[in-house]
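Colleague: Here is how the chains run, residue by residue.
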Amino acid sequence: MVTASYAARQLAVQRQVNRYGLDLRVIRAGEPLELTYANGGAGVDDGTSNRPEIEWIEDAQRVVRPVDRTETVPIRDFLDGAQRTIPRFVGTTFPVVESICAAAVLEREPHGVGQVCAGTMDFQAIWILPHNCGDGEIRRFRAMLEEQGIEIRDPLGDAGPELLDDYSTMEQRIYAVAMEARAEHEERVYRKWCELYGDAGDWIVLDGRLRSGNSTAIGLVKSFSRHYLTGPSAAELYRMPEAHRTAAFRMFKRAGGDPITAWYLRLRDASGLDPRHGLVRIEVSGEIDSATEIDAISAALLAERSPRATGDDRWATLLYPIYHLEQALKRYLDANTRGWDAAS
Amino acid sequence: MVDLEQFASLVDELEADPGSRLDPRLRALFGDLIDQQHGAIGRVVASEQEPAGSHSFYFWANEEQRSLDVGHIVVGFSEDAAVIGVVDEPRRYSDLRSFLDDFYDRQIEEAIESQTISKRPEILVFEVTVLRTKHERDDVDSHRPVIAGPVYYATREAIDYALGKHEFAGAPIAALLHTNGNYERDEVGNVLVDEKGYDVFQRSPIWIDEHYLLGPEAGHANWTGQSGLATKTSHVQFLTSAVFQRMRGEGKKVAALMFNVKGADLIWLDKSAVPDDELRDAYDAAKFKPLSDADLEAYDALDLEIEPFTNLRIFAPFKPGQQPSTDKVMLGSFGEKSRLNTLRDNPAETSCLYPVLWSIRPLLAMPHKVFERNDLDDKMWGLISELRDDQRITSLKSLLKRLDEALMEIEENGGSEWHGHHKFTILKAKNRFYGLPSKFGGLVTEGEVDFGNLPQVDSSFTDQEVRVVDIAHCNSNVQELLVASTVNRLWQLAERDELGVDKLIIFVDELNKYAPGGSEGALRDTLVDIAARGRHLNVVLFGAQQFRSKVESEILGNCGTSFYGRIGDEEIINSSYRSLSETTKSELLGLRKGRLLIRHAHFRSPLFGSFPRPPVISGSEGQRVFNDPKRIVGSNGNLANAGVSNPSDALYFLLKRLSPDERINRGIVRTEAEGLTDAQVQQICLSVEQQWNKIRDTSAARRMTPWTIIKHQIQEAKRMNSLG
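From first to last, the protein sequence lines stand for chains A and B.
With the working numbering as the guide, the letters of the first sequence map in order to residues 1 to 344.
With the working numbering as the guide, the letters of the second sequence map in order to residues 1 to 724.
Quick caveat, the hints were computed from the structure, so don't treat them as lab data.
A virtual CB, placed ideally from N, CA and C, is assigned to each residue, including glycine.
A few of these clues could be false.
To give a feel for the contact side, a few chain B residues facing chain A, derived at Cβ under 7 Å [said to hold, decoys possible]:
#	residue
1	101
2	105
3	119
4	120
5	121
6	123
7	127
8	135
9	137
Simulated restraints on C-beta separations [stated by the list, open to error]:
#	chain 1	residue 1	chain 2	residue 2	range
10	A	201	B	190	37 to 43 Å
11	A	330	B	586	56 to 62 Å
12	B	21	A	62	56 to 62 Å
13	B	21	A	230	45 to 51 Å
14	B	21	A	53	54 to 60 Å
15	B	141	A	15	41 to 47 Å
16	B	141	A	20	47 to 53 Å
17	A	201	B	137	55 to 61 Å
18	A	150	B	579	57 to 63 Å
19	A	53	B	91	55 to 61 Å
20	B	21	A	330	22 to 28 Å
When the alpha-carbon atoms are kept at most 25 Å apart in a straight line, the in silico DSS-like pairs for lysine-lysine are as follows [said to hold, decoys possible]:
#	chain 1	residue 1	chain 2	residue 2
21	B	119	A	222
22	B	379	B	369
23	B	369	B	513
24	A	330	B	119
25	B	428	B	397
26	B	428	B	439
All chains, please: the whole structure from these sequences, using the hints.
Modeller: Written out as structure tokens, the structure is:
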């Protein structure tokens, strides 16, 4: 059982800490970092500082256009993950964090209610702490984790050890590492889904950006710190009415990577509201480049606006099946972290 | 990383059967209590706000369980016990925070599709009221709440256990039929299908304990519900039949006394709801609605026969003004049954009909019932007491004569008093006594009454006898007097242990009229006494009323069994119903005919159940089939009118009543009695019954049967006819 093995592992870690006599400064009831960084903190969008170049696929002179809803693509599956990134100990001047994550694919049954796809629910737990630091207790703790075979990630990366003195910067870097770990975890779940169900030809919506090419995957980016459109195009984007989209463009997120076709879509009326209200960016495989396909995908996403995820503040851009899956995953995480000082 | 294969198989398992994770130990211990072939129907849930308790718990239902509904009996589990309960309040949950959310969802935004692709998940959660818990150890009375786990439909064994059948002190009596949401299966496990192609649901009798219905542990039953909608009388008939059959099987004697207060409700209890071949056409012609297949199957399921009350006797006063008024009324040879105040007046059907007639003597013993309160001052009481003590007064005529003599004596003596009673008091008494035959129309005669060998309404009973006192068409004075007097006298018989049977059931309809809450009166006191002590004296009260809240609480409090039919909203808000859940009350507001809620001493929670139509024809149908003048054939034997009965049939019905096992059919009796007049047939009926009652418990009964007596009497009458 998932829960049993994870709980057992937690217990083993605690026993080891006691046995080794580690004098760790425990953070009791520390708040998950998601509460601080979930709304567009560093690395939420691309995680890169460079904005990639875009290449218009459709007429750039007519940036905003209504979505032709005569045809839709059949969306049946939705992938999402949920995460808890919790400071557990304090090193000399930086936090030592544990991050857990659950991800799964929700399949919409013919009668409309979603159900977690058998075999796709997966759980991941990692510790994030620097490889090299002057705190001897943390070094011993790290050795102990390695001995247990627990995955550890280094928040410093290529950066120098001088960052260790900046608690806030370390915390941001740790969160970015946790987000990346989650994205990788979701990618694994996605691949598992492709392995198990990919032949069915169903379309799948990924909550977040598209990380790998698949002709029937749709990346849905709900919040973003930067936009790919600039100047007059950006101005038109912010005035874009409901059920309209921008012209599609092509971009490469990584040099030598697969091309991605993207466009913005206004799901809900933003009159009198923040211009980003109801605005999402859609990312699909670069193979998709016809207006008919792009409209069909947009129309399918517009049809997902109801029912609304009324229980979530992000309802304007949150598709209901994704919300449904998030609820299941959060409960799953709750069940796995019951008893933690800071988990709930 | 998680073992995905293991997880996938776990999910598949749970989707296929939420109960697949039932502890094998519990499955081994309690496997016979759960419908394993049907599988789990949901899972127990307990939250901080709504925890599982000793008396109730919650479970969410599997979406596939479309037949699961309020009133079904299910089984959950605690650590070492099976917890059996009845499904009560259902609630369907979704994540919608308010109704407005759905409105805005669909109305505010432009062009939202009317049919959404996704649906909000909804779960159906049922509250279950615990009936009983079966621990793995017999010596443990467990009250531990259920734990999260699968819930199953209860099998018949579980339902019997939940209803405490294993603890019954007496014989189990089928009171209602419970229908569960799981299905009947054949030997190989296939679901049985009825004639309409529907799957057949599991049905099981709701048993009640003889010792808690008829005494001595507890006793009495009460029915409540709206007139015409609650099927109270029908169920009384059904339950009485069940009691009679069970008691017969147990070798115990039982009888019932019933008061017919409405129309022809109880006067055709000797006519079966399933006509024999001879009567089928007549039933059809009278548009009798036969018992449905479901009714017949229900009788099978309850292990009951559809049999009428063949030992029926109906007692009725005379129609107002038609009572005999000779100085000495000799009822021993009474044959003019058309003068009795009952709707059953077809001469062929009156062999079980007997008169009720009072002289002045019994009335003198109850002046408070006879006279208005304002008339009964001390002076009047004094005079009545003197008259009561005068043994020469045996009739109203002799009483009035005595008063006339008193007045004359005062006149002659020139005073104003007679035996200390003032003249005006005597005049007032004479006036009030003179009006009694009119006030108690049909019940009181001016003369003296001699019943001869005729059965009387307050005499002891014979086994399986149903005695109906027909007061439906009497005025309320007669009704109240007759009910009070009959019940009181039978109560006295019971106190002297002279009932003639092991158990006597007294059915009183309109209990709120005869024993209203907070009232005073002799009948109310007697009914309260019966309710309190009756079970020890072998008398049980079956009471029915429209308004339970208006009935004396001492009577209701002593009832071991209560039935509730459809109840009006004005009534159900009363405190009498406060122990019922809101769901149960809502159900009662719209309960369909043939369905009742039962509370019984052994049950921890009330249960809904249904029952088939009674084994006897209804009163109105009985009137159409057996009493319609257009269908009655005259003594000339002309059967051209699709006749149901011939006057000589009175002999046949008498024979069936006196000797139920006699294999003589109606045709033989008709042939034998051919040529006799209606009056002769009536006379023979009277004579045969009296003769048989004399010899039935003697050695002579071995030599003669009712049929031999009838044949002898017929031959005698024919001989007299031939002599001219």
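Colleague: Work down the list of hints and note, for each, if the structure agrees.
Modeller: Hints, one by one, checked against the model:
1. 101: 4 Å, holds
2. 105: 5 Å, holds
3. 119: This interface hint holds because 4 Å falls under the 7 Å limit.
4. 120: 5 Å, holds
5. 121: 5 Å, holds
6. 123: Cβ of residue 123/B sits 10 Å from chain A, so the hint is violated.
7. 127: 23 Å, violated
8. 135: With Cβ-Cβ at 29 Å, over 7 Å, it is violated.
9. 137: Interface hint status for residue 137/B: violated (31 Å vs cutoff 7 Å).
10. 201/A x 190/B: 37 to 43 Å: 38 Å, holds
11. 330/A x 586/B: 56 to 62 Å: At 36 Å between Cβs, range violated.
12. 21/B x 62/A: 56 to 62 Å: Distance hint for residue 21/B, residue 62/A holds at roughly 59 Å.
13. 21/B x 230/A: 45 to 51 Å: 57 Å, violated
14. 21/B x 53/A: 54 to 60 Å: Check passed, 56 Å falls within 54 to 60 Å.
15. 141/B x 15/A: 41 to 47 Å: With a Cβ separation near 43 Å, residue 141/B and residue 15/A satisfy 41 to 47 Å, so the hint holds.
16. 141/B x 20/A: 47 to 53 Å: 52 Å, holds
17. 201/A x 137/B: 55 to 61 Å: 58 Å, holds
18. 150/A x 579/B: 57 to 63 Å: 59 Å, holds
19. 53/A x 91/B: 55 to 61 Å: 56 Å, holds
20. 21/B x 330/A: 22 to 28 Å: With Cβ atoms ~24 Å apart, the hint holds.
21. 119/B x 222/A: The given pair, whose Cα atoms are some 22 Å apart, holds under the 25 Å limit.
22. 379/B x 369/B: Distance ~17 Å between residue 379/B and residue 369/B Cα, so the pair holds.
23. 369/B x 513/B: Holds. Residue 369/B to residue 513/B sits at ~15 Å (cutoff 25 Å).
24. 330/A x 119/B: 20 Å, holds
25. 428/B x 397/B: 16 Å, holds
26. 428/B x 439/B: 16 Å, holds
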